[in-house]
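S.K.: Construct the entire structure; sequences and hints are all you get.
One-letter residues, chain by chain:
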Amino acid sequence: MKEQDKIPTSKVARATKFLKAGAKVGGNYLKHYSQKLIGDEVNDDDLHKKNAAELYDALSQLKGSALKVAQMLSMNEALPEAYNEQFAMAQFKAPPLSLPLIVNTFRKSFGKSPFEIFNEFSKVAVNAASIGQVHSALQNGNKLAVKIQYPGIADSIKSDLAIVKPFAMRLFNLNKDEVEYYMSEVETKLIEETDYTLELKNAQMLTQECKHLPHLVFPEYYPEFSNKSILTMGWLEGIPLKEYLKTNPSQETRNKLGQSLWDFYTYQIHVLHKMHADPHPGNFVVTPDEQLGILDFGCVSVISESFYHMYFKLIEFDYNNLGQEYIDLLKGMNMILPTDTPEVQELVIGMMTKVVSKVILPFQHETFDFGDDSFFDSLIAQGREFGEDKSIRKINSARGLREAIYVNRTHIGLFMILHEIRANINTSISARLRYLKSLN
Amino acid sequence: MLKDENLEPKYMEMCVSSHKILSSYQFGKLLNRQGENLISQPNALNLRTAIWKHWLEKSVEVLNSDEIFKSYNVYEKLAAFYFTLFMQMSEQQAYVRLLFKHTGLLQIVPECLSDHKNHFMNIYKQIINEGIDSGMMESRKVIDGYNHYLIWMQTVYLIRFWSADKSENNLNTDAAIEKTTNLIADILGRNLIDSGFDMVKFLIQKKTDERTR
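Residue numbers (the numbering used here), protein chains in the order written: chain A, 1 to 440; chain B, 441 to 653.
Only true hints are included.
Derived BS3-like pairs (lysine-lysine); straight-line CA-CA distance at most 30 Å:
1. K619/B - K165/A
2. K460/B - K450/B
3. K517/B - K228/A
4. K165/A - K274/A
5. K228/A - K619/B
6. K493/B - K112/A
7. K606/B - K108/A
8. K165/A - K228/A
9. K517/B - K143/A
10. K158/A - K606/B
11. K606/B - K201/A
12. K123/A - K498/B
13. K510/B - K123/A
14. K123/A - K228/A
15. K510/B - K112/A
16. K228/A - K498/B
17. K108/A - K517/B
18. K498/B - K108/A
19. K510/B - K228/A
20. K123/A - K517/B
21. K557/B - K619/B
22. K211/A - K313/A
23. K123/A - K619/B
24. K108/A - K557/B
25. K158/A - K541/B
26. K565/B - K123/A
Treat the hints as calculated values from the structure; they're not laboratory data. Quick caveat, the model's predicted, so the values are computed rather than measured.
M.R.: Shown next as structure tokens:
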């Protein structure tokens with residue numbers, strides 16, 4: 001993979017990046033057809049691969065919201081493996097905020113500088129958050145984490161998305177209305193992430209509801225020192241999950257951490273019908289007493305009753321013996337469209353069956369070993385098989401409800417983290433819920 | 441009777457409500473109509489100057505009494521100056537917008553600021569001197585006034601930007617201050633130009649040495 005040496009920041013630079021990719025794609029077509037014209041043996045697949053690579057290249061250089069969108073719309077499996085790591089790192093890159101700006105933000109918000117509000121306040125950021133930076137502070141003996149947002153980030157997201165739209169149409173073969181349908185969901189969520197008041201509310205709500213779950217730690221939140229662009233919470237002592245795993249913890253600890261993560265999501269999705277929809281390793285820390293600390297409630301998604309029932313109905317089918325009920329469910333979930341020809345309908349059913357029957361494996365067993373590579377390998381192999389299957393190109397309209405974007409993203413994220421932890425855990429939803437509810 | 445110190449806010453208020461920058465005559469007339477008993481005709485130009493003077497002096501006073509300000513490096517001081525200035529001016533965004541209404545985008549010294557340029561320059565002078573002393577700014581004697589000139593352009597750009605900024609809490613102005621100050625730091629600090637200049641100087645010197653040998 002090419003090494004990235006710079007991140008284009010201005011809108012013009014970003015647009016230029018896309019135009020360049022556009023020109024390259026155009027060039028690829030030109031080369032392709034001229035080669036065809038002079039009778040060279042060329043394969044259409046080569047062209048698609050080349051184009052995809054150029055577009056991914058442009059997207060990955062943009063980072064920021066462009067990447068987040070690509071990440072969400074593609075739901076990972078469509079991406080070449082090599083890009084996964086980079087996409088997982090997607091963040092809004094910006095130079096660190098200057099101290100005068102931070103002081104000014106505090107003065108505008110609370111009428112005082114952070115040095116007047118807290119007993120101590122770090123002049124330099126201790127960490128970069130996705131859309132801001134974190135400073136440490138001390139107040140009445142308590143260590144705090146103060147997250148300050150980059151000014152104007154919401155506007156920047158809107159302009160980024162405006163640039164991404166035409167490319168998403170091309171990349172994912174969608175028309176304008178379809179792109180609008182999914183993008184509006186993504187835009188709303190990204191803009192929500194820029195409102196720390198909402199994050200505070202979500203964090204307090206989920207903390208309250210989930211604090212009884214075993215081996216989980218939540219920071220305390222300080223509404224009196226928080227507003228739309230500043231969020232103050234207690235400092236969670238610990239090591240970021242990814243770093244912690246490098247210390248080679250015992251299988252027992254891995255299972256404990258993995259189980260608490262699984263329980264956290266099971267409880268949110270199946271009891272609260274709301275979830276922390278950004279499960280990536282950077283949002284978790286392992287405390288010195290080996291508890292799992294949960295950070296960042298920027299992206300909380302609500303699952304509607306009707307969607308919940310459809311989505312989890314998929315777990316209940318016997319995939320060796322499917323009937324009309326399954327087809328009706330796929331229709332209800334917008335996977336099969338009324339305009340589909342019988343041929344396309346069959347293709348979609350075939351694809352869905354292959355994917356879903358594999359993905360739901362952890363839910364169908366009492367215990368599941370996420371350290372088992374064969375599960376993930378079979379998912380990747382499935383993705384490859386689809387990529388090589390020419391008949392799939394006949395399915396050319398967008399499918400699926402937009403609510404699925406975040407529920408899928410959460411599950412994929414959760415599975416990937418459990419794989420990294422290599423946890424062997426109890427996965428039965430009903431058994432875990434019975435236990436977790438009994439603790440409340 | 442209206443006291444002198446109340447004339448400035450009154451002037452700004454009346455400019456905004458009449459959607460234009462009022463002349464002395466127009467301002468006097470409006471005051472008379474409101475039943476104000478004026479001893480003499482107010483001078484609008486003097487008032488506009490006094491308003492800028494007040495904002496600048498107040499900003500410097502606030503900064504000098506701020507302990508954190510003293511610990512800032514020179515570019516942070518520059519950014520802090522803008523943040524403080526806009527805080528002083530915060531109530532009067534509509535008035536400043538009016539001042540800039542008929543100023544062309546490329547006008548380097550807008551008419552509404554021309555009389556106050558020196559006041560700004562005095563503030564920059566302190567910052568630049570400190571920058572050069574601390575080694576964070578290059579003293580480029582070849583291009584006289586280069587540093588002042590760039591900071592002045594930044595100031596004009598930012599005041600115009602702020603006056604038209606409709607974002608919540610003027611967050612976009614905050615971002616503009618950060619980004620322009622980062623750029624100024626890259627230009628005024630030691631950079632490619634200085635190394636290039638140094639290199640060219642070296643080459644010429646060696647060439648001359650060879651000839652004279």
